[in-house]
Amino acid sequence: MNDLSLKDSLINEEVYVDKIITDNDIKRRLLDIGLSRNTKVMPLFNSVSGGIRAYLIRNSIIAIRDIDAQNILVRRAA
Amino acid sequence: MKEIKMGLAGNPNVGKSTIFNSLTHSNQHTGNWAGKTVENAVGIMKNGEEIYKIYDLPGIYSLLPHSEEERVARDFLVFDDYDFVMVVCDASSLLRNLNLVLQMREMNCNLILCLNLIDEARKKKIEVNSSKLEKLLGVKIIECCAHDNKSIKHLHDEIIEYSQNIKRVPKRNIVKYPAYLEKAIQMVVAQLQHINLKISKRWLALNIIRNDRTIIDKINSQLGTDIMTDEMLSALYKIKKMLLDEDVLINEIDDVIVNAINDKASSIYEQVVTSKRTKLKELYLDKILTSKLWGIPIMLLFLGIIFLITIKISNYPSEWLFKMFSSLEVILNDCLIDLGLPSFLIDMLINGVYKVTTWVISVMLPPMMIFFPLFTLLEDFGYLPRIAFNLDGVFRKCSSCGKQSLTMAMGFGCNCVGVTGARIIDSKRERLIAILTNTFIPCNGKFPTIIAIITMFFVGLGTDLKALIISTLILLLIVLLGVLMTFIVSKLLSKTLFAGYPSSFILELTPFRRPRIMKTIVTSIFDRTLFVLGRAVTVAIPAGFIIWILANINIGDLSILNHLTSFFDPFGKIFGVDGVIIVAFLLGFPANEIVLPIMLMCYLNTGTLVDYSNLLELKTLLIDNGWTILTALSVVILFIMHYPCSTACLTIKKETGSWWYVFLSCIIPTILGLLCCFIINLFLGPLV
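Chains as they are written, first to last, in the working numbering: chain A, 1 to 78; chain B, 1 to 688.
Calculated directly from the structure, the hints in this document are not laboratory data.
Each hint should be verified, as a subset may be incorrect.
Claimed, not checked - Covered stretches of chain A (in silico footprint by chain B; criterion: 3 or more residues with CB under 8 Å from a CB of chain B, positions within the stretch not fixed): (1) 32-43; (2) 55-69.
Unchecked claim - Listed below are the simulated DSS-like cross-link pairs for lysine-lysine, each with C-alpha atoms no more than 25 Å apart in a straight line: (3) A/K40 / B/K124; (4) B/K241 / A/K19; (5) B/K264 / A/K19; (6) A/K40 / B/K428; (7) B/K241 / A/K40; (8) A/K7 / B/K397; (9) A/K7 / B/K292; (10) B/K287 / A/K7.
Glycine included, every Cβ here is placed at the ideal spot set by N, Cα and C.
Based on the sequences and whatever the hints tell you, model everything.
Take a look at the structure:
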């Protein structure tokens with residue numbers, strides 16, 4: 001497995017969701033916005049105040065905090 | 001007369017409220033950010049003898065609620081007795097919207113789908129094949145552009161046509177789950193055979209397997225019996241074992257369900273949408289608005305421009321209103337004399353009630369009529385989520401979240417709106433922090449007085465551009481002081497009363513939209529300005545009575561008001577102010593606008609509110625009564641840091657359901673404000 005966390009993916013790099021490894025409330029929300037297995041995600045830009053990053057998910061721009069993004073395992077395109 | 005009940009559901013920010021307003025001719029506030037509608041709004045659409053009751057539900061991403069407003073919407077969709085639901089989708093982000101549509105389809109309720117913003121999608125070169133989508137989903141689809149009257153008429157007609165002959169949506173299992181889950185669903189459905197339910201048993205079975213107690217309990221109370229029978233529990237036990245054999249833990253079942261739904265959504269999307277768009281247009285703009293270099297300066301510039309315009313322009317209509325009301329006062333006075341009313345009553349009505357009420361209108365209405373439309377334009381454009389994104393890091397350090405910045409921004413207009421707006425924050429802890437700290441944001445009621453004091457004591461009375469810029473800068477500094485206090489108090493609250501980790505937070509940066517200028521001006525005046533003004537006037541009328549009584553009824557040689565000011569004088573001196581200022585703040589509880597007029601009334605001993613349109617005279621009067629630059633500074637600080645106005649307090653009670661939080665929201669800023677004044681006067685007092 002070449003899993004890395006979404007937090008560590010690079011800006012403008014297309015990655016695919018493998019798994020969300022948290023049982024917090026946030027997991028449900030991440031799933032709701034479409035972050036399910038094999039969903040393509042592209043990190044877009046960081047917040048000026050840090051700790052949160054905007055991603056392109058299913059044609060929408062969604063900001064996720066790094067603390068949550070590190071629990072989203074993704075893989076790079078083959 | 002036939003009554004039809006229709007729900008309006010959909011993801012946040014897909015234009016539900018715009019459709020709702022157009023169909024029902026309402027003025028529900030719309031805005032370009034997720035989570036704007038926080039409670040069900042009801043409107044009426046008429047068609048001859050038929051009445052359509054339309055429920056505008058808060059935006060939801062799924063039927064499994066995450067926050068309070070989502071629960072409101074979910075409960076309506078699952079448990080309410082409606083005729084049908086229209087789910088609104090944004091044609092340009094259909095992929096994400098389909099998640100909810102598929103879940104609702106699974107629930108098997110009477111459903112039609114409104115494909116909104118179809119024009120915007122086409123502009124972005126996204127084409128949706130609606131007839132194919134209709135076939136795949138098995139529900140009626142209506143294309144719509146909510147801003148276009150013709151399109152709304154078409155939607156209106158289609159809704160009526162559909163409702164004349166509501167067909168039960170054909171039962172079809174659109175989403176296919178893995179074989180083991182399908183088997184588990186069948187096992188649970190078998191246990192539900194004898195129960196008569198409006199909602200789909202398949203959908204309920206899924207939620208029983210997920211062990212969603214909110215749904216199970218509600219169904220139990222609806223049916224008056226427990227669906228979790230021994231047989232059901234034993235079936236669930238078998239299912240648990242079966243899942244383990246498949247290497248699936250029961251707490252992973254949500255993933256399995258959502259994966260299946262999202263996979264289906266993707267597959268439908270691939271079949272019906274052709275997109276020629278290569279790159280998101282808004283990305284260029286977003287990169288500037290959120291850039292490390294420009295993000296914050298642009299935000300300050302936007303706010304600065306709004307303040308500048310509000311300050312500069314609102315003086316003119318204010319003066320005009322004052323003049324109009326004083327001419328009316330003469331006429332009204334004559335009428336009351338003609339009616340033969342006793343002179344004390346006339347004095348009470350004119351100099352008490354009428355004066356206080358018209359005062360509040362004159363000073364509140366113009367800035368609100370300018371501030372609200374300008375702010376709404378920013379909101380319509382979609383800028384607010386970018387502010388939340390830029391500032392989230394700072395809020396996170398205060399154990400709060402970036403959405404609090406949106407409630408703060410709303411607080412500039414009116415703290416009541418900011419307090420209500422805090423519902424967009426998912427976590428209760430962070431919502432309470434946002435509510436309790438909203439008063440540090442100076443609302444429109446405080447601005448005129450703060451500006452007057454700045455002009456008199458810090459800038460000089462010139463009217464040139466330089467003076468204007470300096471006063472705007474000082475005003476910005478004062479606003480920043482409020483923001484700083486918000487951060488400090490948020491941090492303190494999260495470490496003490498609301499100790500705990502910040503809950504997770506997701507923010508959608510909604511697409512930019514061209515603001516509709518005329519519509520914005522009209523609706524923000526009706527929707528916000530008149531609403532806030534109406535509430536202020538309701539409080540101003542009784543306040544007028546009380547102030548008149550205090551100022552005009554004497555005990556001994558002095559009025560009650562004079563007794564009060566002398567009583568509070570030694571207390572005020574500790575904080576660098578006098579008894580008059582303390583009493584003015586106390587009596588100004590109904591509205592911050594009347595604090596300065598009450599001070600003048602006390603200083604001049606007039607028994608009625610006094611105009612301060614001439615700032616030079618006002619300054620002389622204040623200095624004659626012992627004001628120094630330090631007094632002015634203390635008053636400005638107290639304006640930023642004291643208890644919320646009465647209307648805001650009532651709103652806090654309504655939102656939190658507890659007087660304890662009202663108490664906290666009053667006591668925290670007041671103590672901090674007095675403490676700041678005490679420290680400043682301790683150190684700077686000897687210098688002045």
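Here is how each hint holds up against the structure:
1. 32-43: n = 7 at 8 Å, threshold three: holds.
2. 55-69: holds (count 12)
3. A/K40 / B/K124: holds, 20 Å
4. B/K241 / A/K19: holds, 23 Å
5. B/K264 / A/K19: Distance ~18 Å between B/K264 and A/K19 Cα, so the pair holds.
6. A/K40 / B/K428: violated, 32 Å
7. B/K241 / A/K40: Not OK: B/K241 and A/K40 at ~33 Å, beyond 25 Å, violated.
8. A/K7 / B/K397: Holds, because 19 Å separates the two Cα atoms, which is no more than 25 Å.
9. A/K7 / B/K292: holds, 19 Å
10. B/K287 / A/K7: Answer holds: B/K287 to A/K7 is near 19 Å, not above 25 Å.
Comparing the model with each numbered hint stated earlier shows that hints 6 and 7 do not hold.
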